[in-house]
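Participant: Throw the hints in and build the complete structure from the sequences for me.
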Amino acid sequence: MTRSGAGVGLYCLCVCAVPACQSSKAELLKADASAVKLRSIQTRAFDTTDKTATLRTAMATLQDLGFVIDSADDVIGTVSATKLDRYALRMTVTVRPRGTTQLLVRANAQFGLRAVEDPQPYQQFFDALGKAMFLAAQEVD
Amino acid sequence: MFRRSIASKVWIGGLLATGGLCGCAPHIPPDALAMRAQSLEWRQRSTRRFFTTDEKQILAASAGSLQDLGFTIDNTRSELGLIVASKDRTAVEGGQVAGKVVMAIVFRADVPIDRNQKFRASVVTHPSGNEIAVRVTFQRIVWNDRNEVSKLELLDDPKMYQEFFEKLSQAVFLEAHQI
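Heads up: the protein sequence lines correspond to chains A and B, in order.
The working numbering numbers the first residue of the first sequence as 920 and each following residue consecutively.
The working numbering numbers the first residue of the second sequence as 42 and each following residue consecutively.
Keep in mind that a hint or two might mislead.
[Claimed, not checked] Reference excerpt, derived from the structure (chain B facing chain A, CB under 7 Å, subset only):
1) Met76
2) Ile114
3) Thr117
4) Arg156
[Claimed, not checked] Listed next, the stretches of chain A that the computed footprint assigns to chain B, with coverage defined by at least 3 CB atoms under 8 Å from CB atoms of chain B:
5) 955 to 965
6) 972 to 980
7) 984 to 991
8) 1031 to 1044
No lab work stands behind these hints: they were computed from the structure.
All C-beta atoms in this analysis are idealised placements derived from N, C-alpha and C, irrespective of residue type, glycine included.
Facilitator: Written out as C-alpha cells, the structure reads:
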C-alpha cells in the first residue's frame, strides 16, 4: 500500500468506524437530560391568567438581566432574547394556560453551543420574574 | 419582514456557532441570570417615562427615532409593545490601524483589527396608569479583519441612553404634531 493509500484508509477508519466520530446530525434530536427533569427545572406556575401581562413582565425581566429582545408573540405566547457579555446566551420564554387559574412559564437557554440544563440559572431567572410579577413562582411536578 | 427575520436568525446562529469569545468555556457563568445590585440603576438609565396613554404613538415615535439613527426594523409586536432593530456599520478605529502598522513594521506581526459591527436594539413600552415607560437596550457584535468575533457586549454607557431618549422626546413631539 502506498503512503497516500494508507492515509486515506486511516481517514475512512476515523470517519466510519470509530464510534466517537458518529454523525453530527445526531445532535438534532439529542437531549442530555430527560424531558421530565428538564421541564421540572425550566417550568414554574404562577397564579394569574393574564398572558399578555406575563409576557410583558418576562420581557422586562430579560431586559433587567441585560438581554436584548429578539422576538415576541402574544398569540403563541413566546419571547426570545439574546444576552451578549463576552459570551452569547440565548433564551426563549413560553407562557401557556394551566387549568383556569394559572399560567405555566417555561424558559430554556442556550449558552454558546450547549443547552443550559443546570437548575441554578433557571431558579435565578424565576426568582427575578416572580419578584417582577409580585407572585410566587411555584415548582411544577 | 420574513427575509429580515431569517437574516436575524442567521446572525444569531452564526454567533452561537462561534461560541462567542468563550468557545473554550462550556458552562454558563453563575450570575448570568441573576439580578445584580446595579440592576435597578441600569433599569432607570435605560427607561424614560412619557405622560400619555397612547402606546401606539410612542411605538411609532420609537421606530422613527431608530430610523433617524440609521437602524432598520427587524421585528415588531405592537400588542406587546416591542420593536427590534439593527444596523451594520464599520468598526475600524484609527488607533487600531496605527497599532497594526507599527506592529507590522517593528515586529513583522500581523495583528487583527476590528472591521465591522452589528448594533442591535430592542425597545419595549410598558403602560402604567397615565404614563408609558419606554425601555431600550443596545448591544453590539464586532468582527475583526480575520472575520472572527472580537467583541460581544451590552452597551451601557449612560450618555448613549440619554442621547437616544432626547431624540425620542423630539420624535414623540413630531409624531404628536404629525410632522
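Participant: Now look at each hint and say whether the structure bears it out.
Facilitator: Verification of the supplied hints:
1. Met76: Holds, about 5 Å.
2. Ile114: violated, 12 Å
3. Thr117: For Thr117 of chain B, the interface hint is violated, since the closest Cβ of chain A sits about 9 Å away, which is over 7 Å.
4. Arg156: violated, 18 Å
5. 955 to 965: violated (count 0)
6. 972 to 980: holds (count 4)
7. 984 to 991: Per the Cβ count (8), the hint holds.
8. 1031 to 1044: holds (count 10)
Violated hints for the displayed structure, listed by number in ascending order: 2, 3, 4 and 5.
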